[in-house]
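Protein chains: 2
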Amino acid sequence: MAQALEGLHVLDLTRVLAGPYATMILADLGADVIKLEMPISGDDARAFPPHINGESAYFMSLNRNKRSMTLNLKTTKGKELFKDMIRRVDVIVENFRPGTMERLGLGYDVLCEENSRLIYAAASGFGHTGPYSRRPAYDAIVQAMGGIMSITGQVGGTPTRVGSSIGDITAGMFTTIGILTALAHREKTGLGQKVDVSMLDSQVAILENAIARYTAAGEIPTPIGNRHPSITPFEPFDTKDGQLMVAVGNNVLWSTFCSAIAREELLDDPRFETNALRTANQSELRPLLAEPLLQKRTAEWRELFDTVGIPNGPINSVDEVVVDPQVVAREMIVEVDHPVAGKTSLPGIPIKLSATPGAVRQSAPLLGQHTVEILRDVLGYSPQQIADLEQHGIF
Amino acid sequence: MAQALEGLHVLDLTRVLAGPYATMILADLGADVIKLEMPISGDDARAFPPHINGESAYFMSLNRNKRSMTLNLKTTKGKELFKDMIRRVDVIVENFRPGTMERLGLGYDVLCEENSRLIYAAASGFGHTGPYSRRPAYDAIVQAMGGIMSITGQVGGTPTRVGSSIGDITAGMFTTIGILTALAHREKTGLGQKVDVSMLDSQVAILENAIARYTAAGEIPTPIGNRHPSITPFEPFDTKDGQLMVAVGNNVLWSTFCSAIAREELLDDPRFETNALRTANQSELRPLLAEPLLQKRTAEWRELFDTVGIPNGPINSVDEVVVDPQVVAREMIVEVDHPVAGKTSLPGIPIKLSATPGAVRQSAPLLGQHTVEILRDVLGYSPQQIADLEQHGIF
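Taken in sequence, the protein lines are chains U and C.
So the first sequence is residues 318 to 712, counted in our numbering.
So the second sequence is residues 318 to 712, counted in our numbering.
Isolated chain U, as found in the complex (with noise of 0.2 Å):
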């Protein structure tokens, strides 16, 4: 079955993560990405740890489906060679400190020259505009400066960073759709654009109801801990052995949890009547449910609750994700064979087409497995031109 994104080039120069993050959903839907490396070290994340004789399992999780060609951008010959390449694919993808592409010669004015279809995108840590545009960004910091550590922890406690790096991985998605908006676009005009996407920006645009709160109301806000603001009970509770996450939104479920945990006397209750009079007084409701939920397992409670119709979900480590039953039915860890680390599990597609669903086709490339290919299919070039590209060191 064809995939949707089949037949769109895209030229991939991204290191680490935002860059790989966007051009992976690409790849996964079928476009043709072409990874650019450095000859000898390639991207950055080659080296993070863990490996698997000797490949990164980061580096692997994020570069699958792409193909690998090393070339010197920093010679003559490897600029003219990224120029041909220009002129033949419908999108360039870079993450790096905006001025990097110009400094080379290489920025978005020079390539449009080019090739007047193509979509540049460039995610980075600030933006290409802006006071801070030039300064280097990390996903700690944004997460630090774009708020989300303000509002991210125990109620009053310390500004905590959420574990995965979402500074880097919401900048991807971003940039992913501004690519495949501006690919809306030319289809109608012919004509590319520059897609300019920053980890701040991103932060700020994933607050949510917080600026609303601030800007109307004034509050400021803090971290909210585990517990719905408004809804009562919304929250985690310790079980016999381990964590439940229960989701009580109106009274019919309210009366319906209270039988379930065998606490109908609480439905009596004046202090717990309406869910505004559960919010006023969790301090006391809480220990009053927290007491009956230590006495089953996680899996007790959660075959009761789904059986009356309880919204409730466990508190999950990584180990036991990727073996539930919801997670493994959609596919959403799947196994791929590497050439050299052997059988290695991925995170799976979270974007379910009917029609043309995406693939995990193939790993992630060697630094520079496909060089030779790309030279002599995608531009035309002859092993005698391909040899000497290889003598004078550009791939």
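Incorrect hints may have been included.
It does not matter which identical chain is meant; a pair holds if it fits inside one copy or across any two.
Below, in silico cross-link-like pairs of lysine to any residue (SDA-like), each with a Cα-Cα straight-line distance of 25 Å or less [unchecked claim]: (1) Lys557 x Arg452; (2) Lys557 x Ile537; (3) Lys505 x Gly324; (4) Lys396 x Ile357; (5) Lys505 x Ala319; (6) Lys613 x Cys429; (7) Lys505 x Val569; (8) Lys396 x Val689; (9) Lys557 x Gly473; (10) Lys505 x Ala672; (11) Lys505 x Ile537; (12) Lys660 x Ala646; (13) Lys505 x Asp349; (14) Lys505 x Leu390; (15) Lys396 x Asp623; (16) Lys660 x Gly535; (17) Lys400 x Ser671; (18) Lys391 x Val569; (19) Lys396 x Leu423; (20) Lys660 x Ser634.
Note that these hints are calculated values from the structure, not bench results.
Since chain U is already given, all that's left is putting chain C on it; use the hints.
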């Protein structure tokens, strides 16, 4: 200037967060999004506090640039009218619990008979397949089940929910990517398809290196706190008046950093000679750095570190985020005039397109504000037909 998605007609049945976030991105980039709401009540989020002159700030922040039409889908006439609209739009988006549209007789199989070009996007808690498909989910539940809580929090501390609803938001973003991908495919084939995105899948997809660490090395990730697991110092420090995140990624920066904080003697300390040693001896190093950092205010350190090139950033609260010079320069907080609420501030658009920039063109709609206009202009109904529908309580 034209917008990239101009001419894309989206019928939006979504409520609350995940779905509205997806259609907001489309609307921000130029799509015509018609928000279909139940008469009288409308989107549940209209009731979410805080309110300004009775208008929910939460709702307003997610539904700008959309038009609102009311329609009772439980009536026969309402269903007919709905199918009439389906024949005229490109995309339908819904985030009901799976099975809801089928019970209304308006499932994907029915609707694609009406319009083979239709792209049908569904965002749900667990997805449209698999054993948990029909179960209710909330952000807190998928954050718990999807593993991100298990890696967020202080070291040795309790699993912590991310302070914004990234379970919803990332599902919304993947839904947008799915829609635009299906659109690219339709350009080539003329055929629509179904896009099925689940909040749980989306959580797995953003777990990043946690899955690689576990599946490759067998290590079950736990809350990692605020410091980098393998780079030191790369963590927040208290200052005289707040906190500052500092990221000293290599030995050159380490030398610069020690000079900047006037602790050159640390450069000769064998315990801290390399990054590996600094990481191994972090507990001894931290107090030696914490003491000088306490001596100046955050703004003073920022100026000093920015001058010498040490990556750093304050841990901003939301009131600080919205006035940050870079956030302001990138137009990530925009003001819009609402007919009832007056001037309100909203998050801006994180996807910056050079030729067809997105725009916050208008405030969120009042319930049913555009019903008559849409019946007349989109469906071509006569005043008599419209009056008739109104009399039957169809909208």
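Notebook entry, point to check: Which of the listed hints are not met by the structure?
Noted result: Those not satisfied are hints 6, 7, 11, 14, 15.
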